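Asker: Protein chains in written order, with the numbering used here: chain A, 1 to 268; chain B, 1 to 235.
These aren't lab readings, by the way, just hints derived from the structure by calculation. Be aware that one or more of the hints could be misleading.
Quick list of simulated restraints, FRET-style, between CB atoms [stated by the list, open to error]: (1) B:17 with A:223: 27 to 37 Å; (2) A:256 with B:105: 31 to 41 Å; (3) B:124 with A:223: 23 to 33 Å.
Residues from chain A that face chain B, not an exhaustive set, calculated with beta carbons under 10 Å [what the hints assert, rightly or not]: (4) 132; (5) 152; (6) 157; (7) 158; (8) 163; (9) 165; (10) 215.
Computed from a predicted model, the values in this text were never measured in an experiment. All C-beta atoms in this analysis are idealised placements derived from N, C-alpha and C, irrespective of residue type, glycine included.
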Amino acid sequence: MTAMIQMFSYHFMQRALIVGILVSLCAALLGVSLVLKRYSMIGDGLSHVGFGALAVASALNLAPLAVAVPVVVLAAILLLRLRQSTAVKGDAAIAMISSSALAIGVVSLSLSTGMNTEVSSYLFGSVLSLSRGDAVFSVLLSLAVIALFVLFYPRLFAVTFDESFSRATGTKTELFNTLLAVLTAITVVLGMRMMGALLISSLIIFPALSAMRICRSFKAVVLTAAGISVLCFLAGLLASYFLETPTGASIVIADLLAYGICRMVGRK
Amino acid sequence: MAILECRNLCFAYEGKQVLEGVNFSLNAGDYLCVVGENGSGKSTLIKGLLGLKAPEQGSILLSDGLKATEIGYLPQQTQVQRDFPASVYEVVLSGCLNSLGNRLFYSKELKQRALENMERMGIEDLRGESYQNLSGGQQQRVLLARALCATKKLLLLDEPVTGLDPIACGEMYNLIKLINLCDNISVIMVSHDIHEAVRYATHILHLGHTQLFFGTAAEYRQSSLARRFLGGGQI
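Excised from the complex, chain B in its bound form:
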């Protein structure tokens, strides 16, 4: 059953269209990778899905009780965050913000949820550490734990391995796949790394100002588009 469906989505900045004709649907448990070159509209689509940018045309339908505010989001890191004095626990706990409702402070259950997600990501030992002193891979785990606090159904990851060394990169991909398989959380990931995308994802969405391809990863491998794109990477 589809938990998310996009129909004829169209996005524009100041009247100029940057992305059009996006049609795809995501079922529970799917792992969708959004690929495409820089400026192809990937980040715009993410903003649209999160409700941070209103589409010019078309609609995004969420079902199965999923709300736009219940998507676990792992954004690209900003410079401000890299030198932000906050403990790992504080950052992860802030993922529970959307469960706060009208209450002012975090309840015991929410604090427990933050601790559990830290254990799942293997960062419970870093609880009191300062976020800014962590390695790039550890920081991403912290942000992933925070995203898991915000959702039970769908994770949205924006270039989660940018700037990581190859080992941390591989660990991150495995961790995401594990969450996808074990917890049955659907994943939408934006990536530059098309080879890894095809390896881990179940579905691929290829953008280039418009929707160039949507289908399963196996179908994508057979497509002429992929052959050109993948071939370009293997010089």
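Looking at chain A on its own, in the form it has when it is part of the complex:
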């Protein structure tokens, strides 16, 4: 217990705790819609775009988050458009964009500084190295994501469950699909700091999948996913503190265990 108190007496731990909980919540809420709409891969694709943007920003000495958020938001909208067009298949579009972004990132890095700690922290995550400014920025954005999700909950449910019905009854489905993509983009960029570009998509997908195993209603799935996500984050953070393992990877392992438990408990 004293070890825990001591652990959270560090400023960097407090920041990690607050930002981590909020980002986990965002990821879980959006994850349910993304998984159900078969958009899971978008989170993964966006994380690569995010890495590319951060690498370019770092090469040009620009503020990383301020560059990455708009770039990833644009990429999200583009991915959504590509999915709807028949010219390129959705999954191929994602693969195309994500590997191109990764390549651009790697080339711009090699032309400038090479792989520095900043960049590798975005690849594998380092929630403990959050600066005060980054933390404030992350808290504000994730609160905005959660607020928008709650306010538009009935419409997001309808658009997720049955797009053509929603459109026929006059809901602007494109607007809400775009909203979903933009919120996902923001969450991905924020989550990259914690999880790293390589692991962020698991933060989005795992809690939703776990909750779907044990819940019957959409609301219950959303709430359970949020709960699982926060619990797994806490478990991962504690494990990484006491066992000195990387935070992002520890959180993913906690999520994997939670999924296993839900699978065993669930009826299907």
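Could you slot chain B onto chain A? The hints should help.
Answerer: Chain B in isolation, oriented as in the chain A frame:
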């Protein structure tokens, strides 16, 4: 009085015409069945009526205060919906979306409307059940209750009995007829099953890239088109 009138409707995909020359009107209380072979333009017409696809030519006139967004629509089910974790109540309530206006959340009246429509469809006991665990017939009732939440005047049903067993099929047809007669809600139904269509509907629209027939079900039975089409079914 006509609540819906189509004049010389024409639909095309990427410049290629798939349906042309559609002229019909629907009065309050009518039960119109749209029949025709696969690819004859039935689904396209439905999309046009719902405003999901703009016609190439012609016009769709709605009157009697009916708006395109106030048509209760029962779409063909997609694979996503079959394993979607949502309770029956949540699905039915989402039919009230078009009454939401600028509000963010469902009011008490809308929740009440969802409950009433669940009772009408005899699914009030399933309220908390998960949609994905229901039988095919129950799922269709849920979607019908949702469609009723969205309208007071016109229901549009796209192949509502596909994949149902004969008993569930018959129940579904009776339920639709009941809604049509008791609540005076007009029905437009797309169907493969021409025999049932002629039995339940008041009017028939037969499509085959163009309008082959429009008239009452009784007239349709006398037509040479129907004799060929119905005869083909009774081997």
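Asker: Does each hint hold? Answer for all of them.
Answerer: Now the hints, each set against the structure:
1. Distance hint for residue 17 of chain B and residue 223 of chain A: a CB-CB separation of about 50 Å, inconsistent with the stated range 27 to 37 Å.
2. Separation of residue 256 of chain A from residue 105 of chain B is about 35 Å and conforms to the stated range, judged on CB atoms against 31 to 41 Å.
3. Between residue 124 of chain B and residue 223 of chain A the Cβ separation comes to about 24 Å, which falls inside the hinted range of 23 to 33 Å.
4. The beta carbon of residue 132 of chain A comes no nearer than 34 Å to any beta carbon in chain B, farther than 10 Å, and the hint placing it at the interface is violated.
5. Hint status for residue 152 of chain A relative to chain B: holds, with the closest Cβ pair at about 7 Å, below 10 Å.
6. Because the beta carbon of residue 157 of chain A sits about 6 Å from the nearest beta carbon in chain B, less than 10 Å, this interface hint is met.
7. The criterion of a C-beta within 10 Å of any C-beta in chain B is met by residue 158 of chain A, whose closest approach is roughly 4 Å, and the hint holds.
8. Hint status for residue 163 of chain A: holds, given a least beta-carbon distance of 9 Å to chain B, under 10 Å.
9. Because the beta carbon of residue 165 of chain A sits about 6 Å from the nearest beta carbon in chain B, less than 10 Å, this interface hint is met.
10. For residue 215 of chain A, the interface hint holds, since its Cβ comes within 10 Å of a Cβ in chain B; the closest pair sits about 6 Å apart.
Violated hints, listed in ascending order, are 1, 4; each of the other numbered hints is respected by the structure.
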